[in-house]
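Chain order of the listed sequences is A and B. Numbered as in the working numbering, the first sequence ends at 359 without a single skipped number. Numbered as in the working numbering, the second sequence ends at 282 without a single skipped number.
These are calculated hints, taken from the structure and not from any lab test. Each hint should be verified, as a subset may be incorrect.
As the list claims (entries may be wrong) - Within a straight-line C-alpha distance of at most 27 Å, the following computed DSS-like cross-link-like pairs (lysine-lysine) qualify: (1) Lys-111/B - Lys-46/A; (2) Lys-108/A - Lys-194/B; (3) Lys-194/B - Lys-100/A; (4) Lys-106/B - Lys-46/A; (5) Lys-127/A - Lys-194/B; (6) Lys-11/A - Lys-111/B; (7) Lys-106/B - Lys-11/A; (8) Lys-194/B - Lys-46/A; (9) Lys-11/A - Lys-194/B; (10) Lys-268/A - Lys-254/A; (11) Lys-46/A - Lys-172/B; (12) Lys-152/A - Lys-194/B; (13) Lys-129/A - Lys-172/B; (14) Lys-194/B - Lys-129/A.
Here is what each chain is made of, one letter per residue.
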Amino acid sequence: MNLVGENLSYKLTEELQLRKISFNFEKGKLYTILGRTLSGKTTLLKTIAGLLMPDSGTIKFEGKNFLEIPVWERNIAMVYQQFINYPHLNVFENIAFPLKQRGLDPQKINEEVFNSLKLVGLEGYEKRKIQELSGGQQQRVSVARSLVKNAKILLLDEPLVNLDYKLREQLREEFKNIFINGLSEESIVIFSTTDPREAMELNGEVIVLDEGKVLQVGAAKEIFENPKNLKVAAISNDPPMNILKAEIDSNKIKFENIEIDIPDHLSKIKDKNFNFGIRASDVELNDNGFEFEVELAEISGSETLLHLTRGNAKIITSIEEVMDFKIRDKVKINFKSNKAYAFDETGNLASSPFGGSSV
Amino acid sequence: MGKLYTFLKYFFITIWTVFVVAPFLWALTTSFKDFNSVNGGVTYIPWVDFEPNLEGWRVLIKSPAEGGVDIVEPYFNSLFVTCTASLISIILGTLSAYALSRYTFKAGPIKNNDITFFFISQRIMPPIVLSIPFFLFLGAVNLLDSLIGLIVVYIVLLMPIAVWIMVDFFNKVPREIDETALIDGCNPYQAFFKVVLPNSIPGLIVAGMFCIIFGWIDFFFAFILTFTEVQLLPVKIVALNSSITPWWSLSASALVSVAPLIVVAFIVERYLSKGNLSGAIK
Numbered sequence: 001m002n003l004v005g006e007n008l009s010y011k012l013t014e015e016l017q018l019r020k021i022s023f024n025f026e027k028g029k030l031y032t033i034l035g036r037t038l039s040g041k042t043t044l045l046k047t048i049a050g051l052l053m054p055d056s057g058t059i060k061f062e063g064k065n066f067l068e069i070p071v072w073e074r075n076i077a078m079v080y081q082q083f084i085n086y087p088h089l090n091v092f093e094n095i096a097f098p099l100k101q102r103g104l105d106p107q108k109i110n111e112e113v114f115n116s117l118k119l120v121g122l123e124g125y126e127k128r129k130i131q132e133l134s135g136g137q138q139q140r141v142s143v144a145r146s147l148v149k150n151a152k153i154l155l156l157d158e159p160l161v162n163l164d165y166k167l168r169e170q171l172r173e174e175f176k177n178i179f180i181n182g183l184s185e186e187s188i189v190i191f192s193t194t195d196p197r198e199a200m201e202l203n204g205e206v207i208v209l210d211e212g213k214v215l216q217v218g219a220a221k222e223i224f225e226n227p228k229n230l231k232v233a234a235i236s237n238d239p240p241m242n243i244l245k246a247e248i249d250s251n252k253i254k255f256e257n258i259e260i261d262i263p264d265h266l267s268k269i270k271d272k273n274f275n276f277g278i279r280a281s282d283v284e285l286n287d288n289g290f291e292f293e294v295e296l297a298e299i300s301g302s303e304t305l306l307h308l309t310r311g312n313a314k315i316i317t318s319i320e321e322v323m324d325f326k327i328r329d330k331v332k333i334n335f336k337s338n339k340a341y342a343f344d345e346t347g348n349l350a351s352s353p354f355g356g357s358s359v
Numbered sequence: 001m002g003k004l005y006t007f008l009k010y011f012f013i014t015i016w017t018v019f020v021v022a023p024f025l026w027a028l029t030t031s032f033k034d035f036n037s038v039n040g041g042v043t044y045i046p047w048v049d050f051e052p053n054l055e056g057w058r059v060l061i062k063s064p065a066e067g068g069v070d071i072v073e074p075y076f077n078s079l080f081v082t083c084t085a086s087l088i089s090i091i092l093g094t095l096s097a098y099a100l101s102r103y104t105f106k107a108g109p110i111k112n113n114d115i116t117f118f119f120i121s122q123r124i125m126p127p128i129v130l131s132i133p134f135f136l137f138l139g140a141v142n143l144l145d146s147l148i149g150l151i152v153v154y155i156v157l158l159m160p161i162a163v164w165i166m167v168d169f170f171n172k173v174p175r176e177i178d179e180t181a182l183i184d185g186c187n188p189y190q191a192f193f194k195v196v197l198p199n200s201i202p203g204l205i206v207a208g209m210f211c212i213i214f215g216w217i218d219f220f221f222a223f224i225l226t227f228t229e230v231q232l233l234p235v236k237i238v239a240l241n242s243s244i245t246p247w248w249s250l251s252a253s254a255l256v257s258v259a260p261l262i263v264v265a266f267i268v269e270r271y272l273s274k275g276n277l278s279g280a281i282k
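Just need the whole structure built from these sequences, with the hints factored in.
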């Protein structure tokens, strides 16, 4: 009874295509598609919705061939990253539209629309025109319209990306509650995003998509702790995980005249050369550390991102406070080597601090 | 910069307005004058310079036998032909424009843009090129000198305008709105009529007004394709002769012939300056 896709391929342009994507989505679960721009997230969602016909492959839902069912009979709902509503209708009429289309009686429609308005926190707005609402409110309307249908498949295509920072945080929290409380056991929710934090916070099953291919599937925690390869490590971290070419020599990790004692979980690595991976948050300022030069300092929210160089090594570190640095300042940093990752020369995970390993 | 700019702007607008409005005012006053007020030196202000009367206007509805020019029938012919042709052009043009905007057509090297250009190219061609084919065609189907024949020809002339304006308009309506309608349970026809069309009213009005303007002012085809049975207003007015018809009646007929366009201009102005889709996508 699941939504099953097999070997879906679709070529929109040279850069934008799906390459043999397979998935198995279970009812009552939340799935997050994590990938960068042009990775094929929207294309995949539109294919599931039926707005695009794949060049090859199959989609089955409840045992039926989904590709033979036209969009308007699929009982799906979709929220776009642009705030799409019907501009000629007011808030109430917008949310009621899919129900009217189904021919429900007005009493029932009324009830459902008000429930759904309540769920997204827009009570009292039902008579407003769409144009009179703020971006966040417009997006709430389109979420309400997608929830009111009680669709079996709910697709959300980067619904928060066009909102400002504060609102995004707030809606993300609300969405999580809505998905947990507002949906029946029968629904599959698929949420696409470029933001790894969003994926982690929603805490569903994550599908990492890159260049139209599925790189890794797993629980959010698993993806975060044990990224399968360098690409996943880059996509699932913001800022991307620092990757440095390093070598192991007499129980030391060496790069750019830096020597770090090898942590236990990396001691099994046999290859001499490997990719040393460390998250920006696991690099700390330390007066006894190694000297790097500041290339760029950016303040983002309440943290400071430092782009540092030393010879050929470039790393980013995030500091949990607002600090003032000038370009070419010298800073000393230390690596929390117990949190370090190792990827082999082909880019696959060799060892992680959370037990994932191939050695 | 600010004040000088505002001054210059209003200065030129004022000059231009005087330039445009003066002939109309002149025609308006002339239409209420009698023989003495026209021929006895320059007069401007009614009741002061001359005594206004309605004789010039009465002539318009009198039959030629009574010494009038009778533009009533040509006037209604023109209204009927223009409105019918515009309506049909808008309906066909909107449907084609939607198809051209949303679906991909391909016939060898010919693609959507080429088809759109084909429509527009009908207007780029000098009208005289089309006159002989139209004449022969209407002759062959026995529609020369008839209202139906004129409507058919005007549809050919007006539909490109509708297609042109509406393709541009639909291209600006986000596709996601159609897609959302499909997802919400509309089949493609319902999506068009329930969602796309209600949001296209400004575009439809602008396209409609342009069709009416171009239909109303056409003299060339009305002149070539009609003889005795049917006469349209522009042909009738051109046929008036100042040595027979007095100046005041000429002025009055000029004014009634531009009146519909003035109404149209006011309606178009409101819709040209505002769109209705601002809330669709942000």
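For each hint, the structure was consulted:
no. : hint                  : result
1   : Lys-111/B - Lys-46/A  : holds, 25 Å
2   : Lys-108/A - Lys-194/B : holds, 21 Å
3   : Lys-194/B - Lys-100/A : holds, 12 Å
4   : Lys-106/B - Lys-46/A  : holds, 23 Å
5   : Lys-127/A - Lys-194/B : holds, 20 Å
6   : Lys-11/A - Lys-111/B  : holds, 20 Å
7   : Lys-106/B - Lys-11/A  : holds, 18 Å
8   : Lys-194/B - Lys-46/A  : holds, 22 Å
9   : Lys-11/A - Lys-194/B  : violated, 31 Å
10  : Lys-268/A - Lys-254/A : holds, 16 Å
11  : Lys-46/A - Lys-172/B  : holds, 21 Å
12  : Lys-152/A - Lys-194/B : holds, 24 Å
13  : Lys-129/A - Lys-172/B : holds, 20 Å
14  : Lys-194/B - Lys-129/A : holds, 17 Å
Comparing the model with each earlier hint shows a violation of hint 9 alone; every other hint is respected.
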